[in-house]
Amino acid sequence: MIELLSKAYDYIQHNQSRFWEAVGTHLRISLTALALAIIICLPLGIWISRHPQAARYIINLVGVARVIPSIAILFLLVPTLGFGEPTALVALVVLAGPPILINTDAGMRGLNPAVREAGRGMGMSPTQLLTRVELPLALPVIIAGIRTAAVEVIASATIAYLIGIGGLGYFIFAGLPLSRYDLLLVGAIPVAILAFTAELLLSAVQRSFRYQ
Amino acid sequence: MAAQIAEQTKVEPKVADDAAIVFEDVVKDFPGAARPAVNHVSLSVKRGHLVILLGPSGCGKTTLMKMVNRLHEMTSGYIYIEGTPIYALKLEALRRQIGYVIQDVGLFPHMRVEKNIAVVPNLLGWDKPRIDARIDELLKLVGLPPEEYRRRYPRQLSGGQQQRVGIARAMAADPATLLMDEPFAAIDSITRTRLQDELLRIQHTVRKTILFVTHDVEEALRLADEIVIMQNGEVVQYDTPLNILTRPANQFVSQLVGAEDVLRRLSLLAVKDLLEPLTSQAAANHALSIGIGDNLRHALGLIMSSGSDALRVVDEAGNPRGQMTLTALRQLTSDHPNTLLPPDGATT
Ligand SMILES: Nc1ncnc2c1ncn2[C@@H]1O[C@H](COP(=O)(O)OP(=O)(O)OP(=O)(O)O)[C@@H](O)[C@H]1O
Ligand SMILES: [Mg+2]
Chain Y
1 MIELLSKAYD YIQHNQSRFW EAVGTHLRIS LTALALAIII CLPLGIWISR HPQAARYIIN
61 LVGVARVIPS IAILFLLVPT LGFGEPTALV ALVVLAGPPI LINTDAGMRG LNPAVREAGR
121 GMGMSPTQLL TRVELPLALP VIIAGIRTAA VEVIASATIA YLIGIGGLGY FIFAGLPLSR
181 YDLLLVGAIP VAILAFTAEL LLSAVQRSFR YQ
Chain U
213 MAAQIAEQTK VEPKVADDAA IVFEDVVKDF PGAARPAVNH VSLSVKRGHL VILLGPSGCG
273 KTTLMKMVNR LHEMTSGYIY IEGTPIYALK LEALRRQIGY VIQDVGLFPH MRVEKNIAVV
333 PNLLGWDKPR IDARIDELLK LVGLPPEEYR RRYPRQLSGG QQQRVGIARA MAADPATLLM
393 DEPFAAIDSI TRTRLQDELL RIQHTVRKTI LFVTHDVEEA LRLADEIVIM QNGEVVQYDT
453 PLNILTRPAN QFVSQLVGAE DVLRRLSLLA VKDLLEPLTS QAAANHALSI GIGDNLRHAL
513 GLIMSSGSDA LRVVDEAGNP RGQMTLTALR QLTSDHPNTL LPPDGATT
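Quick mapping for you: the protein sequence lines, in order, are chains Y and U. If you're matching positions, the first sequence starts at 1 in the working numbering and goes up one per residue. If you're matching positions, the second sequence starts at 213 in the working numbering and goes up one per residue.
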């Protein structure tokens, strides 16, 4: 094991530019997918929290989308979107969306109705109520969803390599057929470190928003 | 209904000068309900009065109140606030000029006390020094020293303190009108009594028009200038606490407030209800005096033990305010002569 680790370390030393480029791509893809998922699912989550009828259907639908493996989505999309970043992003957004959507819905519906009534009664407009009261109060739950999404996306962004985008998946998928476990570690360990860092960071953010 | 409400935006103010809130033939039908929650209610609340909506659960108190700040939209009728039909104002503008206090307090848990109080002033665009000064002023008014409480979060306050902040928040932009829906219902009885006293003290200095919902009879009698008694969405009596107790409109009111029991009535009424100018020599000279806020049962006890027919009435500071006589007490109780008859068998 130690030997493998030191071989992996040597590999990184000798392929610095390739390694850092892969880390950069990996991060970029992950963050873009996460950002897209937030942009789509946060408003959608707020909307479904106010339309319980629609919410049931959408959440069921999302539940189905969630069990399709990302690799399957990837290859299903290739015929239409081709090999390239959009395909990878769609697959990752499908992965990151559900936890954000479900947590936004839960966070908004979990608000104390008295707080809403007070805000409305005091003359806040719907937008003011949303930005000054509802979102800040639902934020801990929403961020918990983003945290789950971030970890899943960082881990799964390895598959982007399969359609020729690069990222840390390169080392894993290059190492596997050759039984080069050192190469596998060059991919896997940074992915684990990135995911863990995201987890820690977002937990800290989440805690800073806890009021009750 | 849309047409009617549109028309209301043009209606000229046509209400009495001293009327702050006026309901005219107000009806509220909830979809699917068997009967209206509020059924043709007309009443007028005088400026600076504390008027209590009292009645059993489900009789429409909250619904009637929430139509004033349009948390419920009325089905038909008119409501005027300070002479203006409420539909002539923009919704948010209407709400910002009415203070609103609810049973669950509804303080924003992510905002410190100061920010909670500043919500409406901020919405109205006040500048910071003005808001700052106002926060301190209000916290003092509700009995929470600003230096100690300004920076706290709601979770760091007791229930009673939270409701004090709730009241301060409702009064932040100095609204002429306050709506309070069972503000003390969730608070233990000792604290509730204290808060009631505080509300009376505050009301004495600020003189707001207050519409206050409760189903607690003692609270109503303690606080009210006038009481509106409601049953099944209708007003059955609108009168002073004294008249409600001594001249209940019907059996329902009489039972609701427990008017049959003389001693109970006396314990629920305050000396101020029977206050008259000082004329009795006995009261002028007599050593026995009673506080203007004390209840009549206590007064009766004092009269009995003093052997005199009158008591001197003094205010909180001990200044003489007038007198209270046994004759007046007699009159009050004899409005229900039958209740003064001794129980069966006691006369023989
Ligand atoms: N949003 C609503 N939708 C349908 N019906 C309602 C709604 N709100 C109140 N009602 C009905 O209207 C009637 C009056 O309710 P309201 O809340 O005004 O009573 P209340 O006098 O305030 O009672 P409580 O003392 O229990 O608070 C009740 O029959 C209630 O079920
Ligand atoms: Mg109610």
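Rather than coming from a laboratory, the hints here were simulated on the basis of the structure. C-beta atoms are modelled at their ideal positions from N, C-alpha and C, and glycine is treated no differently. Hints may contain errors.
As the list claims (entries may be wrong) - Derived DEER-like restraints, expressed as beta-carbon distance ranges: (1) Y:R50 / U:E360: 45 to 51 angstroms; (2) Y:P52 / U:H510: 16 to 22 angstroms; (3) U:I402 / Y:L201: 55 to 61 angstroms.
As the list claims (entries may be wrong) - In silico contact screen, one side only, chain Y against chain U (beta carbon under 10 angstroms); selected entries: (4) Y57; (5) G110; (6) V115; (7) V205.
Said to hold, decoys possible - Here are the simulated EDC-like pairs of lysine to aspartate or glutamate, each with C-alpha atoms no more than 20 angstroms apart in a straight line: (8) Y:K7 / Y:E199; (9) U:K484 / U:D400; (10) U:K420 / U:D409; (11) U:K302 / Y:E117; (12) U:K484 / U:D527; (13) U:K327 / Y:D182.
Outcome of the hint check:
{"no.": "1", "hint": "Y:R50 / U:E360: 45 to 51 angstroms", "in the structure": "violated (39 angstroms)"}
{"no.": "2", "hint": "Y:P52 / U:H510: 16 to 22 angstroms", "in the structure": "violated (55 angstroms)"}
{"no.": "3", "hint": "U:I402 / Y:L201: 55 to 61 angstroms", "in the structure": "violated (48 angstroms)"}
{"no.": "4", "hint": "Y57", "in the structure": "violated (24 angstroms)"}
{"no.": "5", "hint": "G110", "in the structure": "violated (13 angstroms)"}
{"no.": "6", "hint": "V115", "in the structure": "holds (5 angstroms)"}
{"no.": "7", "hint": "V205", "in the structure": "violated (15 angstroms)"}
{"no.": "8", "hint": "Y:K7 / Y:E199", "in the structure": "violated (28 angstroms)"}
{"no.": "9", "hint": "U:K484 / U:D400", "in the structure": "violated (27 angstroms)"}
{"no.": "10", "hint": "U:K420 / U:D409", "in the structure": "holds (16 angstroms)"}
{"no.": "11", "hint": "U:K302 / Y:E117", "in the structure": "holds (18 angstroms)"}
{"no.": "12", "hint": "U:K484 / U:D527", "in the structure": "holds (10 angstroms)"}
{"no.": "13", "hint": "U:K327 / Y:D182", "in the structure": "violated (57 angstroms)"}
Violated hints, listed in ascending order, are 1, 2, 3, 4, 5, 7, 8, 9 and 13; each of the other numbered hints is respected by the structure.
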